[in-house]
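Engineer: Chain Y: place on chain L using the hints.
From first to last, the protein sequence lines stand for chains L and Y. Numbering-wise (our numbering), the first sequence opens with residue 412 and increments by one. Numbering-wise (our numbering), the second sequence opens with residue 386 and increments by one.
Simulated from the structure, these hints should not be mistaken for lab results. Computed from a prediction, not measured in an experiment: that's the story for all the values here. C-beta: ideal position from N, C-alpha, C; glycine also. Do not rely on the hints blindly, as some may be mistaken.
[Unchecked claim] Simulated pairs of lysine-lysine, DSSO-like, Cα-Cα distance not exceeding 30 Å: (1) Y:Lys429 to Y:Lys470; (2) L:Lys449 to Y:Lys472; (3) Y:Lys470 to Y:Lys449; (4) Y:Lys472 to Y:Lys429; (5) Y:Lys429 to L:Lys449; (6) Y:Lys845 to Y:Lys470.
[Said to hold, decoys possible] Per the computed footprint, the stretches of chain L lying under chain Y, defined by three or more beta-carbons under 8 Å from a beta-carbon of chain Y, are: (7) 451–462; (8) 484–495; (9) 508–514.
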Amino acid sequence: MASELAPTEIVALARLIDELDYYQLLHLRRGASISEVKQAYHFSSRAFHPDANRHLSANLQAAVATIARRITEAYSVLRDPGRNKAYLQHLEAGHGVRMQLSEARAEAGRRAVEQKGRTPQGRQYYNLAEAELRREDFAAAARNLQTALTFEPDNEFFKAQLKEAREKIR
Amino acid sequence: MAEIGVGIDLGTSNSCVAVMRGGAIDVLPNAYGEHTTASVVGFKSDGAICVGNSAKANIIHDPKNTIYSSKRLIGRYYFSEEVKKAKAICAYEIAEAENHGIRIKVGDEFFSLPEIGAMILREMKSIAESRIGQPVHKAVITVPANFNDNQRQATKDAGRIAGLEVLRILNEPTAAALAYGFGKGLRQRVAVYDLGGGTFDVSVLEIGDDVFEVLATCGDTFLGGDDFDDRLIDLLADEFSSRHGINLRNDLYALEKLKVAAEGAKKALSIDPEVEIRIPDVIHGAEGQALSIERTLSSEEFSGLVQDLIQRSFKVCDEALQQAGVVARDLDGVILVGGPTRLPVIRKAVSEYFQQEPQADVDPDQVVAMGAAIHAASLVSEDHASYLLDVTPLSLRVGVAGGLAEPVIERNTPVPIEQMRTFTTFQDFQESVKIRVYQGESRQSEENELLGQFEFAGFKKARRGEVAIDISFEINADGIVNVVAQDRETGEQASTTITLSSGLSDLELESIVDEGRTARIEAIPTDDAGDALAPPPPDPRSEMVVIGAVSLVKADLGAGSGAAVEADALAPDEPGAAGARGAAEPDSVLEVLPDEEYSTVSAEPEELVVLAKEDEDADLSLPEETVPLEAVDAGSADLFESPGTDLSEDDPDEGGQKG
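Isolated chain L, as found in the complex:
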């Protein structure tokens, strides 16, 4: 079950590595589920784990190691739902294909806080809106989200929810 990759493929991939985003590297579509991410990590590791490529020449082993390190990096970011979302935003904002693990982690933490609301009033109105969204009372939810946003005008999560609620009203 050792790596069946041709040397040319390995070299080409190592060279391309800074142009592939984490989804492309793991052959995933954007928005893949966490279990798909894990499966892809296991699949790629079978081909690129340094242990499986000890028979290769030193140059090729170095290329494999570069790829393996990037695969673990991709997995470390994509395996967590919060970090995964943060990475998508990072990509869409054109910040490059790599994301620092510490940045992904911090961003995921910030998002988790933001989703609940950063202020007591923001949280209070968002909770009301959330209950109304569940009851599919979109008009009421939109009103409460609007109010929540007066306390946290830059809460991107609230804005997105509001936009969604308004689309549902139409």
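Structural biologist: Relative to chain L, chain Y alone:
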């Protein structure tokens, strides 16, 4: 002849070697038929070295030349807590070496810890060679999951000194999981509860057929079977003190006797609900009369002594489960590793904690070596059969201004991995920066383990914050760290594979290998099959701990199991036990070594050599944030700052005045 790779579990108390050939895994017995060999090195007066139980048998009458539990010291700094503790309780001499390293002084010779490790590895190698019947040059060596970079590097050095190519440094719990799940096509989540002689680790893994993914690992490097022994030693010593007014801890020979008896009693309690501890003539009283210890110890009493230690291990389990994102009832199996997990008190507590019975068909003393053997076989063949996806147990940090350590790679991140961070200068016209790399979980740099430091110069002189230094931090599949710094503008590079604490440079390592002084191990005369021609030396425990006669005829002691071997060794009527009695008699009473004072402030590792790196593939993606990097002279209160180092050229204040 097919190439052979063996698996070696280099343990704190015992070591074990195994090999996988043709799909079958064999744990290779030493010349006396024992599947584990004591990790004890004895130096004889004629210069010969013996390893294993024959060395351990000398622990009472030659404690100064009998080196045990050396794994607790490997890869540590002289000023570390663990070394202080060892100095207080070990009879052998622990001396300070360059770079705050440690040497063991035996007679006129000084041995580094990797050399002591190499002696044990050589013995395991020779056991393997005599049992397999062909030379062995390659091995997978296991380490506690919580070993830091210094300890891993030192263990790898030990392998090299022993004449082994170390195929992989493997985490013990990961090896155990591999032995448990290999070739079974499992889809399971398991926890490995690994209580060794000196360390405790717990790992949570997901096994998906041929992939073994570690979800999280946590540990306590100050918790092990030895601590259970210490509780018993304290009990016996306190009782003796209140009865006779003599503190046995102040007498090296008496203390060694207590240690041997405590370990024996603990092991006996794995089999029997009650043991009798007898230490005849433990010390002489004020009038020269011989005083003894005689006492029975029940499982319940022992359980009371160690309950808090067991609860401490569950705190670590809580953390590991939380980091892995699972709860106990999600687990499909619990694997116990390490001799102490044979204790009924631990088995019971573990099954209550995890709400399930631990796996019964796993031998806690052999499973790690078996896993290492499977991985070794897989690495020497091209037909790779299993994939181990491990994590780094400790956060990797870099020292920044203000005595802080900035995390770069968080613990439980999968390896191999590389992260790049950009740093900048802290002072105007700063000419060099000192890059300090730490492992640990504290924001305060001095509370973490320093892996190494190197100085980086050669970037343009500019105002503070105008220089961009890219530092790449890499952790490979062995868990070993490599750091490269590069000036973004000039492309100048400096790098280090951090090897400080093993205390051995490549050059020193070469000369140690050339000297070959770890090779003078006395061979045990054996026949062609590798069996000893003479009976083994008596176990000193045999005269001290008597287990109930009932247990000796217990039918459920499976033949060949560790428990049965232990029971045999402990049998009071073992031939040779009587002969040992005279030999174990102390002939003098030594003063205990004073507990020396160590000041961590005086700690000054020597300068690290800055290696020029020619051909590193520099990654040029540029993170936006920059973090001010500590100036060379900034933070002189820092633990590892060398006040005497000549850095006047780099004095940032001087530079500032010029500007």
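Engineer: Determine for every hint whether it applies to the structure shown.
Structural biologist: Verification of the hints:
1. Y:Lys429 to Y:Lys470: The given pair, whose Cα atoms are some 26 Å apart, holds under the 30 Å limit.
2. L:Lys449 to Y:Lys472: 47 Å, violated
3. Y:Lys470 to Y:Lys449: Within the cut-off at roughly 16 Å; holds.
4. Y:Lys472 to Y:Lys429: 22 Å, holds
5. Y:Lys429 to L:Lys449: Roughly 55 Å separates the two Cα atoms, so the pair is violated.
6. Y:Lys845 to Y:Lys470: 47 Å, violated
7. 451–462: holds (count 7)
8. 484–495: Per the Cβ count (3), the hint holds.
9. 508–514: It holds: at least three residues are needed, and the region 508–514 of chain L offers 6 whose Cβ sits within less than 8 Å of chain Y.
The structure fails hints 2, 5 and 6 (numbered hints given earlier, in ascending order).
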